[in-house]
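Residue numbering for the sequence shown follows my numbering, starting at 40 and increasing by one per position.
Hints were generated in silico from the structure; no laboratory data involved.
Virtual Cβ for every residue (Gly too), placed ideally from N, Cα, C.
Worth double-checking, as some hints may not be accurate.
[As the list claims (entries may be wrong)] Estimated spans, in silico, between C-beta atoms of each pair:
hint: 1; residue 1: T72; residue 2: D193; range: 38 to 46 Å
hint: 2; residue 1: Y453; residue 2: H131; range: 18 to 26 Å
hint: 3; residue 1: E208; residue 2: A144; range: 34 to 42 Å
hint: 4; residue 1: F108; residue 2: D193; range: 26 to 34 Å
hint: 5; residue 1: P318; residue 2: F273; range: 31 to 39 Å
[Claimed, not checked] Here are the simulated lysine-lysine pairs, DSSO-like style, with alpha carbons at most 27 Å apart:
hint: 6; residue 1: K214; residue 2: K110
hint: 7; residue 1: K214; residue 2: K128
hint: 8; residue 1: K214; residue 2: K237
hint: 9; residue 1: K458; residue 2: K214
hint: 10; residue 1: K458; residue 2: K360
hint: 11; residue 1: K237; residue 2: K204
hint: 12; residue 1: K173; residue 2: K228
hint: 13; residue 1: K204; residue 2: K110
hint: 14; residue 1: K128; residue 2: K168
hint: 15; residue 1: K168; residue 2: K237
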Amino acid sequence: MDPLRLRLSAFVAALALAAAGGWWGSAEASIHTYGREPFREVGNAFLLSGGSEGIVADGSDPTTPASSFIKFVNVTFWRTAESAESHAKMAHSTGLVQAILFEAADRDNIGGSAYGGQRSICCTPDLAKLEGCKQGEVIRRPSSDDPDWPVVVDTHFSANHLSVKLEDEEAHITKTGMYNLFFISCDPKLRGLAMSGKTVWRNPGGYLPRRMAPLMTFYVFMSLAYLLVMVVWFSQYVRFWRDIMPIQNWITLVIALGLFEMTLWYFEYLNFNNSGVRPAGITTWVVTVGAIRKTISRLLILSISMGYGVVRPTLGGLTSKVLLLGLTYFLASELLDIAENVGTINDISGKAKLFLVLPDAFLDAFLILWIFTSLSRTLEKLQARRSSLKLDIYRKFTNALAVSVIASVVWIGYEVYFKATDPFSERWQSAWIITAFWDVLAFVLLVVICYLWAPSQSSQRYAYSGEVADDDEEEAQSLTKGSDGDVGMVKFDKDKNAGVGSAFSLEDDEAEEDKRE
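Using the sequences and the hints given, assemble the complete structure.
Rendered as structure tokens:
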């Protein structure tokens, strides 16, 4: 890539970063609302991001009302009193602000560089000679596809007025693409400039940003999938309710939360698409349900790995540690999901701050470590007891977990590659798959757990028994036979315990818990 193009790419990336930072807490919907948003100084210009969304062209007759458009509504620019007082009352044009609307593929048509120097947004005396641009205005070159694009709307302050209103214009979208809107001023006297008003961004199907639109259909299918699992699981649950194990109650809760979450996401997107408004309260409620589902799912997998209900009746002294980890994970997941979803409109992804992503990733890694450490201990216990039925189930469960972890690592690598090679979100039409994968992976793992621990008349064969079983017949004893309170567990001999021990304190805690049991 040549130096000029590299600098322009860096410039546009800076604009995208400014957009992400500037919109935190201020955007409420696809109807982008601006409440006295301040302009930022970037190079030789003052700019404010108006938004970024993927829009699909409707291809309709130009004489009919367009269903794909970006419309300015009551957009007003405000300058400081010092700036206004520096101009005479009878002056005609005392400051220029330009709205620049362009498709991502035309980003190289904005800005220029004189003699290979620093990239500039605004026209300078040298660039005026080279580019033929007008000094004091944004450098704009016509698109090769449509000479009317990028669209530039000029608004001039007059006299010493503090504010000026941009005319309520509408830009029709005739080409599918990722569109970016920036408000830019090249006048150094307009330092401290701010803007209020709103812009309406609409696709043929509604207000929902096109990158998000496929997810609305995806959540319909996910809701139906969870509903099917719920019907099958609950029918078995009711049929064999006398033989239900405690772990199966938690599986039921995870299925119900998954169905509830997918349904809530669909209706949240449907409301967004129909109204153009994405209330923060509703979105916060939806991501909270999702955070609860993810937390309980992970604790369920951890509890199964520890042998809860199979090789131990309770988690005992580990309960407090598991609950503390669950609470920590819930808070980290909730904060991350709120940052990524609440108030999010723009189609430029990666808005979440690094300090929110890292705790969530660290906790997931810690959970994976604890899960596989616990699984190793549980498998050794089952091998020592020669519990072939339980051992077979746990081996299948371990294989499923290993496949899911490998798939997750591969997908994370692909996600990093996808974002690194698409800094301007030009592949926005397939970006929804990044989000959908994690929901599908969680669902598939849940289905595997449901299959392995499905309610049946022989459920108690896989439950914890207070007696030591040397063959499958003795292993079929019910947990109720240990109701005299003398609940024992097979203890490893000291040499084996020494071999299994590790430097991880959590494993030592599990060993101590085994001794207490």
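To see whether the hints hold, each was checked on the structure:
For the hinted restraint 38 to 46 Å between T72 and D193, the CB-CB distance of approximately 23 Å leaves it violated. For Y453 paired with H131, a C-beta distance near 57 Å fails the hint of 18 to 26 Å. Restraint check, E208 to A144: a C-beta distance of roughly 23 Å breaks the suggested window 34 to 42 Å. For F108 and D193, the Cβ-Cβ distance of about 20 Å falls outside the hinted range of 26 to 34 Å, so the restraint is violated.
The hinted window of 31 to 39 Å between P318 and F273 holds, with their beta carbons roughly 33 Å apart. Using a Cα cut-off of 27 Å, the hinted pair K214 and K110 holds, with the two alpha carbons roughly 16 Å apart. For the proposed pair K214 and K128, the alpha carbon gap of about 44 Å is over 27 Å, so the pair is violated. Simply put, K214 and K237 have alpha-carbon atoms about 23 Å apart, close enough for the 27 Å limit, and the pair holds.
Only pairs whose Cα atoms come within 27 Å are accepted, and K458 paired with K214 is accepted, the gap being roughly 23 Å. A threshold of 27 Å between alpha carbons decides the hint, and for K458 with K360 the separation of about 36 Å lies outside it, so the pair is violated. Under the criterion of a C-alpha separation no larger than 27 Å, the hint pairing K237 with K204 is consistent with the structure, at around 12 Å. The suggested pairing of K173 with K228 holds, with an alpha-carbon distance near 18 Å, which does not exceed 27 Å.
This hinted pair checks out: K204 and K110 have alpha carbons roughly 14 Å apart, not beyond 27 Å. A hinted pair counts as satisfied when its Cα atoms are at most 27 Å apart, and K128 with K168 does not qualify at roughly 33 Å. At most 27 Å may separate the alpha-carbon atoms for a hinted pair to count; K168 and K237 exceed this at roughly 37 Å.
Going through the hint list in order, the structure does not satisfy hints 1, 2, 3, 4, 7, 10, 14 and 15.
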